[in-house]
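2 protein chains.
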Amino acid sequence: MTLRMTRRTFVKGPPLVAASLATGATDLPAAAQDRVLPSWNDTAARQRIIDFIKATTTDGGEGYVAPADRIAIFDNDGTLWSEQPFYIQLGFMLDRVKTLAPEHPEWKTKEPFASILAGDLKGLAKGGEKGIVEVGMATHAGMTTDEFNKIVTDWFATAGHPKTGRLYTDMAYLPMRELLDYLRANDFKTYIVSGGGVEFMRTITEKVYGIPPEQVVGSMIATEYAIIDGLPVLRRLPKIDFVDDGPGKPAGINKFIGRKPIFVAGNSDGDYEMMRWVTAANGPNFAMLIHHTDGDREYAYDRQSAFGKLDKALDEAGRRNWLVVDMKSDWKKIFALE
Amino acid sequence: MTLRMTRRTFVKGPPLVAASLATGATDLPAAAQDRVLPSWNDTAARQRIIDFIKATTTDGGEGYVAPADRIAIFDNDGTLWSEQPFYIQLGFMLDRVKTLAPEHPEWKTKEPFASILAGDLKGLAKGGEKGIVEVGMATHAGMTTDEFNKIVTDWFATAGHPKTGRLYTDMAYLPMRELLDYLRANDFKTYIVSGGGVEFMRTITEKVYGIPPEQVVGSMIATEYAIIDGLPVLRRLPKIDFVDDGPGKPAGINKFIGRKPIFVAGNSDGDYEMMRWVTAANGPNFAMLIHHTDGDREYAYDRQSAFGKLDKALDEAGRRNWLVVDMKSDWKKIFALE
Numbered sequence: 001m002t003l004r005m006t007r008r009t010f011v012k013g014p015p016l017v018a019a020s021l022a023t024g025a026t027d028l029p030a031a032a033q034d035r036v037l038p039s040w041n042d043t044a045a046r047q048r049i050i051d052f053i054k055a056t057t058t059d060g061g062e063g064y065v066a067p068a069d070r071i072a073i074f075d076n077d078g079t080l081w082s083e084q085p086f087y088i089q090l091g092f093m094l095d096r097v098k099t100l101a102p103e104h105p106e107w108k109t110k111e112p113f114a115s116i117l118a119g120d121l122k123g124l125a126k127g128g129e130k131g132i133v134e135v136g137m138a139t140h141a142g143m144t145t146d147e148f149n150k151i152v153t154d155w156f157a158t159a160g161h162p163k164t165g166r167l168y169t170d171m172a173y174l175p176m177r178e179l180l181d182y183l184r185a186n187d188f189k190t191y192i193v194s195g196g197g198v199e200f201m202r203t204i205t206e207k208v209y210g211i212p213p214e215q216v217v218g219s220m221i222a223t224e225y226a227i228i229d230g231l232p233v234l235r236r237l238p239k240i241d242f243v244d245d246g247p248g249k250p251a252g253i254n255k256f257i258g259r260k261p262i263f264v265a266g267n268s269d270g271d272y273e274m275m276r277w278v279t280a281a282n283g284p285n286f287a288m289l290i291h292h293t294d295g296d297r298e299y300a301y302d303r304q305s306a307f308g309k310l311d312k313a314l315d316e317a318g319r320r321n322w323l324v325v326d327m328k329s330d331w332k333k334i335f336a337l338e
Numbered sequence: 001m002t003l004r005m006t007r008r009t010f011v012k013g014p015p016l017v018a019a020s021l022a023t024g025a026t027d028l029p030a031a032a033q034d035r036v037l038p039s040w041n042d043t044a045a046r047q048r049i050i051d052f053i054k055a056t057t058t059d060g061g062e063g064y065v066a067p068a069d070r071i072a073i074f075d076n077d078g079t080l081w082s083e084q085p086f087y088i089q090l091g092f093m094l095d096r097v098k099t100l101a102p103e104h105p106e107w108k109t110k111e112p113f114a115s116i117l118a119g120d121l122k123g124l125a126k127g128g129e130k131g132i133v134e135v136g137m138a139t140h141a142g143m144t145t146d147e148f149n150k151i152v153t154d155w156f157a158t159a160g161h162p163k164t165g166r167l168y169t170d171m172a173y174l175p176m177r178e179l180l181d182y183l184r185a186n187d188f189k190t191y192i193v194s195g196g197g198v199e200f201m202r203t204i205t206e207k208v209y210g211i212p213p214e215q216v217v218g219s220m221i222a223t224e225y226a227i228i229d230g231l232p233v234l235r236r237l238p239k240i241d242f243v244d245d246g247p248g249k250p251a252g253i254n255k256f257i258g259r260k261p262i263f264v265a266g267n268s269d270g271d272y273e274m275m276r277w278v279t280a281a282n283g284p285n286f287a288m289l290i291h292h293t294d295g296d297r298e299y300a301y302d303r304q305s306a307f308g309k310l311d312k313a314l315d316e317a318g319r320r321n322w323l324v325v326d327m328k329s330d331w332k333k334i335f336a337l338e
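Note that the protein sequences, when read in sequence, are chains B and F.
Following our numbering, the numbering of the first sequence begins with 1 at its first residue and continues without gaps.
Following our numbering, the numbering of the second sequence begins with 1 at its first residue and continues without gaps.
All the given hints hold, so there is nothing to weed out.
Straight line, CA to CA, 25 Å or less: simulated DSS-like cross-link-like pairs of lysine-lysine:
# : chain 1 : residue 1 : chain 2 : residue 2
1 : B       : 189       : F       : 207
2 : F       : 312       : F       : 328
3 : F       : 189       : B       : 189
It is worth saying that the hints were derived from the structure and are not from the lab.
On a predicted model such as this, the values are computed, not experimentally measured, just so you know.
Only chain B is shown next, with the shape it has when bound in the complex:
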């Protein structure tokens, strides 16, 4: 026993932080506990989250959920990081078109590439979804998965957000990173379920959110096994395989995760169906919507937005008992670097 007792003795300090994370610890006096969700103000929103986690992890309680079933899913754009003035992945597409332009002289006169090269986003918008898909294929397909991974990784290392100039990876919401940590400390398995491209996101989710590649569900293009120079690779094809948005989200969750989550966070009508699906379950469940109400510290938008439109889901949040998080009043701090 000597060795084990010695090891115990060297464990530093009381297990207060771990204990408070694991229980929600709302029974301790405020001064005595390491405050969970520190970037959240002391509002009803924070309390509802803590109460739910506490209920699901209290063994013997009526809201208890076994650890294996504690699956939590998060939309990405507008829920975990900024989606204004445009989706970050669109920022990648715009930069990539500029990088590739010398190899494509025809783009100077071909829409929507010509608009992008001229910095005319309204011109790009005129081409609608068809134009965006065309740009997506030109920038996301035609290389191997390893090559694409490197292109995206290199881009994230230097590309700056158009308004703040910060790295895009610094546009993640600190309160949500804290929520992810808090859920994991309570044995929740955290997933991203996003309309964004799965291989695009996977390059940074571990670093930014602590979410490994295998816990990212997203839209994807098809790949094809091929032997190139004697080595087996996967080649990315200009063909959409799966759109993980709207009604595609519950289908994507079923496909990739294979069981129903009990916690869901979104911010737009693209999350509506998965929120309905999760909250229709018989057992304990929790849904939250991030409402972008802070035009000073971030952006204020909902019903009229081109990116992350929040309309129907906001109308129904009350009667469905979905928590609406008001960024302006519920969040003490939005970005780690602000």
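The hints should help you fit chain F onto chain B, whose structure is shown.
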């Protein structure tokens, strides 16, 4: 400290089992260690597996792999459980056709259903893959995901293997279950990557292999979000969404897991491409083929088999340094119940 010391005191016995699992423990004298992979004979196959696990988990060694990258993937049919005299999922389809027959009087004269109802598997085989797909759609689609889950769960609870009469879930290979445990004890994350239907397998993988639903990759049909009686559900459609076999396996791994495994086990040419893809990596990697050589205790088959044909992969195993496991000589015991 009192409570924690008391808890420690109640931990029973020395941590020898855990320690030997975690290190491979080949340095300990044989009598002192809890023998890992107990149903494997002391052959070169067992030693190669242990050596690889030991190398990947020895911090500072040249073969070391960080825990997050320790992804191990297993084919299912013929690798983790029996696939003779036919795939277990085909057994489900045959039984299901009989169960549904009263609702489908037209099946009495319609192939391939008529052959199935007459117990004529050769007649079914005559219809080829097209016939099998038709039966698959008739038995796997048209219900919600929850309903399908219940149908399969109920079937597994009572259906018996045609030769042994045992539950199909008892047709899992004990040495492979031990290998899964051994890998997990060494911080490997274990996945199934199978040509079988993902929602079919997910009903039993946790119980049979200790693999949760979210770590099962397989073939799938499309699902569609729908509101039925006011509740959101996913309806299974008679439409193939993804075939996770042959060149589809590396694509499936990339799609669902998003990083390259370092350990792969298969048993047929349907596993060839994923084995090539995994073993073409620069870092440490390991591939093994289960060779069905034991006609007495299980089945003996390879190049001519209708299910689990092993031909090209067997020819190339030597020069690609893939371990070929000889079931007859390498496995002390095949099934837990034998």
